[in-house]
Amino acid sequence: MTTRRFTRIAFSALVLLFLALSGPAGAEQLRIPLNRLSADPAPDLRGTEASFTLKAPVPERWEVQSARLVLPYVNSSAMLRERSRLIIRVNGIPLAQIALDPDSTKGEAVADIPGDLLEPGYNDLLIQVAQAYTYDCQDPAAPELWTTLLLDKGELVLDYSVKRVPPVLADLADAIFDPRNPIPAKVVLVLESLDEEHMLLAALAASGVALRYEYRPVRFIITDKPLPDSDAVVVGSPAFAASLLASGDEPPQGAGLSIRPLAGPGQGNATSPGAEHVVVCITGQDPESRLLAAKAFSLLSFPLPETPSMSVEGVNTPEISGYSGKDMLRPEAEYLFSELGFETTTMRGARPAPVELTFRLPSDIHSRGNEVVRLSLDFAHGSAMRSDSVLDLRLNDRSVASIALNDPKGARYKAYGVDIPAGFFKPGFNKLVLTPVLTPLHSDECTFIQTGNLFVTLFDTSTIKIPALEHWATMPMLQAFFMDGFPLATPPDWQETVVALGDDSPETAAAALNLIAMVAQKTGVPPLRPRFSYNMDPEPGLDMLLVSTRGALPESLRDGLPPDSELPQAFHAGHVSIDDAGADTNAGITPDKASPGALGDRLLLAQLRSPADPDRTLLMAVAENSPALLEGALALWNPSVQGSCKWGLSLVEPDAEGGTVTALKWGETYHLGQTSGIPFLNRLVYDRPWLALGLALGGFLLLALVLARLLGRRKKRRLSAHDQG
Amino acid sequence: MAIFGYGSLAFLPLPWQTVLGWAVFGSMLLAKALLKRSPDTQRMLLIVLGLFLTLRYWSFRTFDTLFYLGFLDCIGMLLLYLAETYGILVHLLGMFVNAMPLKRKPFSADLSDPDLPTVDIYIPTYNEPEEMVAITATAAAQIQYPREKLNIFILDDGGTLAKRNDPDPEVARASRQRHEYLTNIAEFLSAEFGGVHYLTREKNVHAKAGNINNALVCNCSNKLGTMLAKPSCVAYGLEASCGDLILILDCDHVPAQDILKNTVGYFMRDEKLFLVQTPHFFINPDPVERNLGTFQEKPSENEMFYGAVQLGLDFWESSFFCGSAAVMRRSHLMENGGLAGETITEDAETALTLHSKGYNSVFVSEPMVCGLSPETFGDFIVQRNRWAQGMIQIFMLKNPLLIKGLKPHQRLCYLNNCIFWFFGLARMIFFLAPLMYLLLGLKVYNATLGQVAAYALPHLAGAILLSDHLYGGVRHLFFSELYETVQSVFNIPAIFGALFNPRSPTFRVTPKERSLEHDFLSPLAVPFYFLVFLCALAVPAAILRLWLFPGQTGIILITSFWAGFNLLLMFLCLGIVWERRQIRKKHRLPTDEPVQVTFGDGTTVEARSIDLSEEGIGLAFSNERQAAAGDALLVRARDSYGNEHRFRAEVVQARTRNGKQVLGCRFIMEDERTWVRIVRYVYGDSARWSRFWARRRSRRIGMWGGIAYLAGKAFEGLIRNFSGIMAIMVSHLLHGFGLFRRRSEKTRMAT
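Protein chains in written order, with this note's numbering: chain A, -13 to 711; chain B, -6 to 744.
Keep in mind that the hints are not guaranteed to be accurate.
To be verified - DSS-like, lysine-lysine: derived pairs with alpha carbons at most 25 Å apart:
| hint | chain 1 | residue 1 | chain 2 | residue 2 |
| --- | --- | --- | --- | --- |
| 1 | A | K702 | B | K265 |
| 2 | B | K400 | A | K701 |
| 3 | B | K653 | A | K702 |
| 4 | A | K451 | B | K265 |
| 5 | A | K701 | A | K651 |
| 6 | B | K436 | A | K400 |
| 7 | A | K41 | A | K211 |
| 8 | B | K739 | A | K702 |
| 9 | B | K653 | A | K701 |
| 10 | A | K92 | B | K400 |
| 11 | B | K391 | B | K350 |
| 12 | A | K139 | A | K41 |
| 13 | B | K98 | B | K265 |
| 14 | A | K702 | B | K96 |
| 15 | B | K96 | B | K400 |
| 16 | A | K701 | B | K391 |
| 17 | A | K312 | A | K41 |
| 18 | A | K400 | B | K265 |
| 19 | A | K701 | B | K98 |
| 20 | A | K149 | A | K312 |
| 21 | A | K417 | A | K400 |
| 22 | B | K436 | A | K702 |
| 23 | A | K702 | B | K391 |
| 24 | A | K701 | B | K436 |
Keep in mind the hints are simulated off the structure, nothing from the lab.
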């Protein structure tokens, strides 16, 4: 009995121990720093009432068991504890409220979030404050009413498990390559060959993945078979794909797409995330069918079925113009706000949250100075507002206009015109923020202050009209490449670009694919028409992306790069910029590590005028060896690394935090654009202005001499016709 | 040229444009300084550089500054743009016309040549003083030319049969008197020199052109004696057997002796030549010159036309007939049916028609007639409006771009002649443009200070420099702007009248030799006070705007400077409309010529003539010999042809100035022959007019000096105007006070 009882107890203890150790089936924990959920790391909540919203992503493939929000904050010491509160709501449900204590101004709000409250998608984490400094009626905009949220010190802890459901192709966007997945994505590309044809297919495949991830970094590597811890994309013939899949998983024989659970050592192990990865096969018997399948995969508009595989019969490729792509506003066009993703919004209260419009302008736009961008705003505002109520317009953090909302009876406006000088807009991304500042009609301190009537509704029928602008850019300008792929991805299907590879190593190929996919994510257009080549000689009429080890570079191109002695050593003191004059601003920074070679582990990005065509650009990505090339390219997925790449030459040094960039103003300045119809004269004027000026003055003198001679002859004729002698 | 065009229109970033604009202007300065030895190349280079700057500015204005910013803003903006475009077009046409001015060497005909053509001199007159006609006829009778080949006709439209029988007895009486006086003059001169005739007609039809055409018909009847016996001449049939050439002289244009000698030879070399035009030299200041006191200091307004523009037109075979002081070939004229009469500028119209038939013209730049400018501002405006309307009539009815037969360069020249007269509209818009912004806040010029510095200022500086180079000798800086501004107010209705109804304008004779016994305010002055008031309002408006709109400082400064310049022009206009009295009855031309003066006691001194008219002469000589009023003198002088002239004169006024004895003398008229000799001496020597022009043209000053000169004249004019007004007001007050006192006294006496 004792033995049996002991055995039973021991068995029960073992089961309990096992259960305790294993936890829920497939359970994972992820800690997301809150500053990754917001562009503002320390938002202020001001006034008697204010709020701030964080969007918490939950991928489709996750099942959240529980979550916890940890939010440090600092509040004003002038507030009344009894009337001041911080409230946390998740998807509208209040989960926590904390008194804002003037005696203890630093605090930490913690809210436990039930797992079932968090749905797949973006969940609203609303942080509200009600703030007071007096028991009596108070000024709603009193400056002493503030609370600062310290998002960089807070976190959202998610306990989740990965759902195990048989994958179908329709899941690719929502569940597989899910932009809501906060975990950095890695995708393995398995290619049947690294020849030019398969590189184009791989570029389309990588771009298709990157586009589905929207703005999330995706690191691509090339291997000879799928890896257990990553999703994989196989590109090749059906036979090649079949050789990598479990038997019975053969892909379609024609142009086809298929998706399979990853077959590998981790499959079936509930504790391994690798068990839930997939293999996507892009296959075809011949090059045409493979290209058809790859295009189908790369185009987000191509409908994917709720089945594990499909045959592709045809693809309608959209018309790609010179300046098109995601969020791109073209000159000489008018756009509805709804086309920019804006929905009609009502902003209520004295200090409502502003509305934002973000959009891109081509990287090479250039304002002559007098053009204006016209906003035609459709909006309405509430009645009984004080006449100093306004709607402020800020463009790229600069106040550019303000509209008086001064009709006490309320008003509705159709096409209210606001002209903003085009020069205020930047090439690339622009942010237009409309901020209402609404004042109650009666705002004496001891009057009941009604704020319910304060509102502005901005309708999505409002428009923005971009005027005709010059296309003119001073090169080199690496920052433009990382903005929208300019000039290689102009047009965004890379139709005027050759991608040249220095060798046929998987790392070099993967480096190129990462760069292309990165640009595709920015333009929103897959690279449908680049030409891949292992010939590194630039060609007339085409831009070139050259990805190579330094040793493999042709001598002429290698000589075009700065010599080792001129390359700066690696700095580990942050992102450093050195100008032509010699970096006096950084003179105090000392390298803490000597690089083994001039390049070392760094990736060198150099942008220069194509030797084969003065109107074309050569962008070189060069490293000492292929692994360094790939590491550098992967590091470029980090937005802060991209943002630091600029001017003519950038050195990217990968590190654990992403990477360090040293940018130099290097290389001959040249210009690209369409300022006139005579490219030769354009080049002369823009590249050698003083020579052009001298030639122009010389030309004027010559013209004057010729005219003087011609008219002089006529003068003689006129005189001899009548005068004597 | 294509590259030039590209360079003119291509876009450049602003900093580069700034460098380019000022580099080109700097090159203009260099060319001006370094290329003096190659004037043709220098002029051409300056034109090319100036053209480049102007085209760049215009392309900037066209492509970068025109936006819809509101209805009224848009209207103002377009008006200003059109005015600027007009100004630039006129500037460019001016460059073209003056690209290679043709300064002809004097071409003296051999007067003993038996092949010399016969010449008729026509002196058309309507209502001008008879004495004026007599002087012109007397001078014409003394022109150097074989007498048997010369006939002079006084074409009197003031003594037509219709006028002499006018229902108004006063008109009829005056007409008969005039007819008789001029007939007597013709008979006297005919007796003295031969070949001077009086000719009138039955009715006044088609004004001056009709008068001349009538003479052309009459004279070619081959029945001269018969015809002259008739009281009037009506169509005798078109025949070309009389005078081969016609010299046309306005009755106030007194010819020099050598006018035919210097012009007829051209016709002997070129059968297709229909016209030799010579400049109009004016002995008296026009109202602008007189009222601002610039007559002896700066070139007259017409000198730019006769000293530069006509030379340029001559180069392009486009110098045109200016109504007087011109010799024309009768046969070509008759082919045209005489002088054209569709417009009120029959002269230019005739030239246009004959040019379009392939005939040639020549301009001789030596002045060989001496005429009279209008005396009052009102008369001046009447004259200019007639010209403006006539040229616009030509533009509308015989558009030089469309008329058949003209060569392309002739089309451009005539286009320039026609569209120039739209300046009134442009000038008024330029006046109002800064006020539109300063007073009304209209955004009519959408450019930043940087763009103005990069585009507008180099263009303006280049245009000023180029204008100074092309016309500097004959036109003071900004005088064009001044003349255009002062005419613009009255010019605009005339322009519109001719534009909308091109056949409506009628010929109005310019009144000449009016009496100006005292200072007075021109009846046309009122609009200028209003414009000055508007301009003055701009000053507080600019200050207010600077305070209210600190972000618009650049445009406020630009418009304020602009309005300030306009105000300066307005002050000058106020000076112009205050008419100053003309002390002398006859205009005295400043001279500086050697003369010998013999006093009653037989002593002779070498003296210089300092002024001259047909009434008297000013003399200056060493202070050693004293003279007193009433002294009789014998004056001996030589003209530039070597002829000696002797006159008796009486000292009217004697004074000492700068250590010299200065005498004002009156000629003693012993008989009619004395008067004839005086006319010959005073008006017969064309070199005198040339010397006078040359002396004024030599007084060139730089840009800043020019602005200072104008500013000085502006404030002088302003003060004179307002002090004159004050004087009038005080006078009226005193008059009123006098009336009141007399009435009070009457009342007191009555009571």
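Hint-by-hint comparison with the structure:
1. At roughly 18 Å between alpha-carbon atoms, A:K702 and B:K265 fall within 25 Å of each other, so this suggested pair holds.
2. The straight-line distance between the Cα atoms of B:K400 and A:K701 is roughly 17 Å, inside the 25 Å bound, and the hint therefore holds.
3. Taking the CA atoms of B:K653 and A:K702, the gap is about 49 Å. The hint is violated against a cut of 25 Å.
4. Annotation: proposed proximity of A:K451 to B:K265 is violated, straight-line Cα distance about 64 Å (limit 25 Å).
5. With a C-alpha separation of about 57 Å, the suggested pairing of A:K701 with A:K651 is violated against the 25 Å cut-off.
6. For the given pair, B:K436 sits about 24 Å from A:K400 by alpha-carbon distance, which is consistent with the 25 Å threshold.
7. Taking the CA atoms of A:K41 and A:K211, the gap is near 37 Å; set against the 25 Å cutoff, the hint is violated.
8. A C-alpha spacing of about 85 Å is found between B:K739 and A:K702, which places the hinted pair above 25 Å, so the restraint is violated.
9. As the CA atoms of B:K653 and A:K701 are separated by approximately 49 Å, the hinted pair breaks the 25 Å bound.
10. Distance restraint check for A:K92 and B:K400: the Cα-Cα separation of roughly 92 Å exceeds the 25 Å cut-off, and the hinted pair is therefore not satisfied.
11. Proximity of B:K391 to B:K350 is assessed by CA-CA distance (about 14 Å); at most 25 Å being required, the pair is judged to hold.
12. Note on A:K139 and A:K41: the hinted pairing holds, with a Cα-Cα distance of about 17 Å set against a maximum of 25 Å.
13. Restraint check: the Cα-Cα separation between B:K98 and B:K265 comes to about 20 Å, which is no more than 25 Å; the hinted pair holds.
14. Under the criterion of a C-alpha separation no larger than 25 Å, the hint pairing A:K702 with B:K96 is consistent with the structure, at around 11 Å.
15. In summary, the hint linking B:K96 to B:K400 is supported, as the alpha carbons are separated by about 22 Å, within the 25 Å threshold.
16. Taking the CA atoms of A:K701 and B:K391, the gap is near 28 Å; set against the 25 Å cutoff, the hint is violated.
17. Distance check on the hinted pair: A:K312 and A:K41 sit about 22 Å apart at the alpha-carbon level, within 25 Å; holds.
18. As the CA atoms of A:K400 and B:K265 are separated by approximately 71 Å, the hinted pair breaks the 25 Å bound.
19. Our distance criterion of 25 Å between C-alpha atoms is met by A:K701 and B:K98, whose separation comes to about 13 Å.
20. Between A:K149 and A:K312 the CA atoms are separated by roughly 32 Å; this puts the pair beyond 25 Å, and the hint is violated.
21. At most 25 Å may separate the alpha-carbon atoms for a hinted pair to count; A:K417 and A:K400 meet this at roughly 23 Å.
22. Among the hinted pairs, B:K436 with A:K702 is inconsistent with the structure: their alpha-carbon atoms are about 51 Å apart, more than 25 Å.
23. For the suggested pair A:K702 and B:K391, the alpha carbons sit about 31 Å apart, so the restraint of at most 25 Å is broken.
24. Our distance criterion of 25 Å between C-alpha atoms is broken by A:K701 and B:K436, whose separation comes to about 47 Å.
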